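Number of protein chains: 2
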Amino acid sequence: MSVVVTGAAGFLGNRLAQNLAKRGAQVVLCDQIEPPVVPAGGRALVGPLEETLGAAIASDTRAVVHLAAVVSSGAERDFDLGYRVNVDGLRGTLEACRARCAQPPKFVFASSLAVFGATDAADDATPTTPLNSYGAQKAIGELLVNDYSRKGFVDGRSVRLPTISIRPGAPNAAASGFASSILREPLAGQRAVCPMDLDTDLWLASPRSALRSLEHALDVDGAAFGDYRCVNAPGVTVSVEEMLAALARHGGDRGLVDFVPDPAVAAIVGTWPARFDTSKAAAMGFPDACSIDAMVRSHIEDELN
Amino acid sequence: MSVVVTGAAGFLGNRLAQNLAKRGAQVVLCDQIEPPVVPAGGRALVGPLEETLGAAIASDTRAVVHLAAVVSSGAERDFDLGYRVNVDGLRGTLEACRARCAQPPKFVFASSLAVFGATDAADDATPTTPLNSYGAQKAIGELLVNDYSRKGFVDGRSVRLPTISIRPGAPNAAASGFASSILREPLAGQRAVCPMDLDTDLWLASPRSALRSLEHALDVDGAAFGDYRCVNAPGVTVSVEEMLAALARHGGDRGLVDFVPDPAVAAIVGTWPARFDTSKAAAMGFPDACSIDAMVRSHIEDELN
Ligand SMILES: NC(=O)c1ccc[n+]([C@@H]2O[C@H](COP(=O)([O-])OP(=O)(O)OC[C@H]3O[C@@H](n4cnc5c(N)ncnc54)[C@H](O)[C@@H]3O)[C@@H](O)[C@H]2O)c1
Ligand SMILES: NC(=O)c1ccc[n+]([C@@H]2O[C@H](COP(=O)([O-])OP(=O)(O)OC[C@H]3O[C@@H](n4cnc5c(N)ncnc54)[C@H](O)[C@@H]3O)[C@@H](O)[C@H]2O)c1
Numbered sequence: 001m002s003v004v005v006t007g008a009a010g011f012l013g014n015r016l017a018q019n020l021a022k023r024g025a026q027v028v029l030c031d032q033i034e035p036p037v038v039p040a041g042g043r044a045l046v047g048p049l050e051e052t053l054g055a056a057i058a059s060d061t062r063a064v065v066h067l068a069a070v071v072s073s074g075a076e077r078d079f080d081l082g083y084r085v086n087v088d089g090l091r092g093t094l095e096a097c098r099a100r101c102a103q104p105p106k107f108v109f110a111s112s113l114a115v116f117g118a119t120d121a122a123d124d125a126t127p128t129t130p131l132n133s134y135g136a137q138k139a140i141g142e143l144l145v146n147d148y149s150r151k152g153f154v155d156g157r158s159v160r161l162p163t164i165s166i167r168p169g170a171p172n173a174a175a176s177g178f179a180s181s182i183l184r185e186p187l188a189g190q191r192a193v194c195p196m197d198l199d200t201d202l203w204l205a206s207p208r209s210a211l212r213s214l215e216h217a218l219d220v221d222g223a224a225f226g227d228y229r230c231v232n233a234p235g236v237t238v239s240v241e242e243m244l245a246a247l248a249r250h251g252g253d254r255g256l257v258d259f260v261p262d263p264a265v266a267a268i269v270g271t272w273p274a275r276f277d278t279s280k281a282a283a284m285g286f287p288d289a290c291s292i293d294a295m296v297r298s299h300i301e302d303e304l305n
Numbered sequence: 001m002s003v004v005v006t007g008a009a010g011f012l013g014n015r016l017a018q019n020l021a022k023r024g025a026q027v028v029l030c031d032q033i034e035p036p037v038v039p040a041g042g043r044a045l046v047g048p049l050e051e052t053l054g055a056a057i058a059s060d061t062r063a064v065v066h067l068a069a070v071v072s073s074g075a076e077r078d079f080d081l082g083y084r085v086n087v088d089g090l091r092g093t094l095e096a097c098r099a100r101c102a103q104p105p106k107f108v109f110a111s112s113l114a115v116f117g118a119t120d121a122a123d124d125a126t127p128t129t130p131l132n133s134y135g136a137q138k139a140i141g142e143l144l145v146n147d148y149s150r151k152g153f154v155d156g157r158s159v160r161l162p163t164i165s166i167r168p169g170a171p172n173a174a175a176s177g178f179a180s181s182i183l184r185e186p187l188a189g190q191r192a193v194c195p196m197d198l199d200t201d202l203w204l205a206s207p208r209s210a211l212r213s214l215e216h217a218l219d220v221d222g223a224a225f226g227d228y229r230c231v232n233a234p235g236v237t238v239s240v241e242e243m244l245a246a247l248a249r250h251g252g253d254r255g256l257v258d259f260v261p262d263p264a265v266a267a268i269v270g271t272w273p274a275r276f277d278t279s280k281a282a283a284m285g286f287p288d289a290c291s292i293d294a295m296v297r298s299h300i301e302d303e304l305n
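If you read the protein sequences in the order shown, they are chains L and D.
Oh and the first sequence: position 102 is 102 in full-length UniProt numbering, straight run, nothing missing.
Oh and the second sequence: position 56 is 56 in full-length UniProt numbering, straight run, nothing missing.
Isolated chain L (complex conformation) (with noise of 0.2 Å):
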């Protein structure tokens, strides 16, 4: 099975790329950046998206997850790059399947809660009124890939994620950043800052949850979506407060979190949902996400060990 994997330098991807490896795919990694592993039989096309395309996909390409993108700060900062990336980048990389594909690939989009706006639960069928351009891109973003599929372009899957906790490293332009810093950091022993209040409920889930919901979309039987390619992925609500007592729990010092508002945060994540009901997830056997214990401990475990 070969596999292309944009945005194979980031977080999701280039740990997606080493899971599929291991499961015998050959993976294509395409990314503007170098990819920092490049597993066992896997291949890196290192450049911007529209430059590599071309030599990623061909005749034989039998499934593509598509992570590249601006996330959310990065889009509402830069207008026009957000636009480029998130929804040209995306419809070029549908449209090299198209022409190029000898059978529809399967076609992961990584979408994000981000498609809701000023709702505070969400479910299949809350509709996608997003008040950031990041979610503007990604719903949009839902809308082609159910296009495509439904034209038999390409088998289309897409997977709104939760905020992810804790993403390791450095942080990227995610508004939702503090979600992994917050723990992150004092785990390490180092001060982190919190823009958002003690009561502030996320949708979380963790990398390995995220990445098994990523998988689960490759594997998943197209069909099992009914009418209309997307879900909502398993994740958990959580409140600050919660995830800081799950720190304390694990051995960090939640004195180390400075609570500092900031409005540019709160106007995005602000707009969130946190409670979602994800039974279509769950009907389509998409694994449930762990608890914030968990996900603190398989931080420890994948990260600091």
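Hint data in this document are derived by calculation from the structure and do not stem from the laboratory.
Errors might be hidden in some of the hints.
To be verified - Per the computed footprint, the stretches of chain D lying under chain L, defined by three or more beta-carbons under 8 Å from a beta-carbon of chain L, are: (1) 123-131; (2) 142-153.
Stated by the list, open to error - Here are the computed distance ranges between Cβ atoms for each label pair: (3) L:ARG275 to D:GLU95: 35 to 45 Å; (4) D:GLY24 to L:GLU241: 57 to 67 Å; (5) L:ASP293 to D:ASP219: 48 to 58 Å; (6) L:GLY152 to D:GLY189: 36 to 46 Å; (7) L:GLY169 to D:ALA266: 47 to 57 Å; (8) L:ASP293 to D:ASP277: 40 to 50 Å; (9) L:ASP258 to D:ASP227: 27 to 37 Å; (10) L:ALA121 to D:ASP277: 13 to 23 Å; (11) D:ALA267 to L:ILE300: 52 to 62 Å; (12) D:ALA266 to L:ASP293: 27 to 37 Å; (13) L:GLY152 to D:PRO287: 36 to 46 Å.
Since the model is a prediction, treat every value here as computed from it, not as a measurement.
Glycine included, C-beta positions come from ideal geometry on N, C-alpha and C.
Please build the complex by placing chain D with the ligands on the supplied structure of chain L, with the hints as guidance.
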């Protein structure tokens, strides 16, 4: 007030341009074909949208009504043309406003009930899961108009119009064309073909009602839209049987209608909801749509006398 109307040679666009001119607006009519009427004080720019926008939209443009489109069956038949006109054409128009206008112009976008799929009834909180390319392109358009509004580039207003009946003149490439022809042709003593069953329900508005909705969308305070710049316009639910009964009441011969099922039409029109809750439109002061009898009457008054 200088107002740009795109698609101004089209059915709604040309009538709207005339109405706006009567209200004192200086109208710029953009279309790839020559508008049948250029109202007094108006100016026609003929050519593909991307070639006329530069001359049409200027620093003092106060409003844009974007109607240029490839309609439902056309967009289903020619996938690339649909995306080029319905998505890229809209984006180009929004970008021209962003680049050129001194103040964010009012921007009315004609969306459609086709954004919905696989639901019998819809309200303003029904998710847009379209099952045809035209609907996907319109749903993408709504997301763009909202995001450009949120950013302050335009003062956007997306209006989801019902199927329009009775559309006078020659049919265009709309899959819902029969909703006009099964009344229009018999009223003119001619035969018509109905591709759907007698008990098919449709969501309809007369041309007058659709024009009132577009004009009200231009007049209303943008803040009335609330968080999201989109509204389901008023319409009425009418079955094919009720349409033919109204035809007979107004002297038409329903025997002139032949029933010939068309799966291509059913695949598009059959996925559109026929029952709407339009309480958002009502609260915003959009005028009610008229009854099927008034639709037939206004066609006779406006077109046959
Ligand atoms: N991490 C989360 O919390 C989260 C939540 C929901 C959805 N997602 C989505 O999952 C995907 C992966 O997220 P991540 O956290 O790994 O992001 P990331 O920022 O770590 O990785 C994105 C990668 O895309 C690459 N990229 C961006 N523009 C490119 C271009 N024009 N050409 C080639 N490569 C380009 C970047 O170099 C980067 O390596 C993204 O689509 C993101 O929107 C992430
Ligand atoms: N009539 C309906 O039942 C209905 C229902 C819902 C929504 N709408 C929407 O309302 C709008 C107007 O509908 P209509 O019935 O008047 O359509 P129409 O087909 O009569 O008019 C569309 C006009 O757009 C022009 N056009 C298309 N591509 C162009 C391009 N690339 N450059 C310049 N001009 C271009 C065409 O020449 C045409 O004159 C459309 O956006 C349509 O999608 C119509």
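Hint check results:
1. 123-131: Since 7 is at least three, the answer is holds.
2. 142-153: holds (count 6)
3. L:ARG275 to D:GLU95: 35 to 45 Å: 37 Å, holds
4. D:GLY24 to L:GLU241: 57 to 67 Å: Cβ of D:GLY24 to Cβ of L:GLU241: about 59 Å, so the range 57 to 67 Å holds.
5. L:ASP293 to D:ASP219: 48 to 58 Å: At 56 Å between Cβs, range holds.
6. L:GLY152 to D:GLY189: 36 to 46 Å: 43 Å, holds
7. L:GLY169 to D:ALA266: 47 to 57 Å: 53 Å, holds
8. L:ASP293 to D:ASP277: 40 to 50 Å: Since the Cβ atoms of L:ASP293 and D:ASP277 sit about 44 Å apart, the hinted range of 40 to 50 Å holds.
9. L:ASP258 to D:ASP227: 27 to 37 Å: For D:ASP227 against L:ASP258, whose Cβ atoms are near 32 Å apart, the range 27 to 37 Å holds.
10. L:ALA121 to D:ASP277: 13 to 23 Å: 20 Å, holds
11. D:ALA267 to L:ILE300: 52 to 62 Å: 53 Å, holds
12. D:ALA266 to L:ASP293: 27 to 37 Å: 53 Å, violated
13. L:GLY152 to D:PRO287: 36 to 46 Å: Holds, since L:GLY152 and D:PRO287 (Cβ atoms, about 42 Å apart) stay within the stated range.
When each numbered hint is compared with the structure, a violation occurs for hint 12 only.
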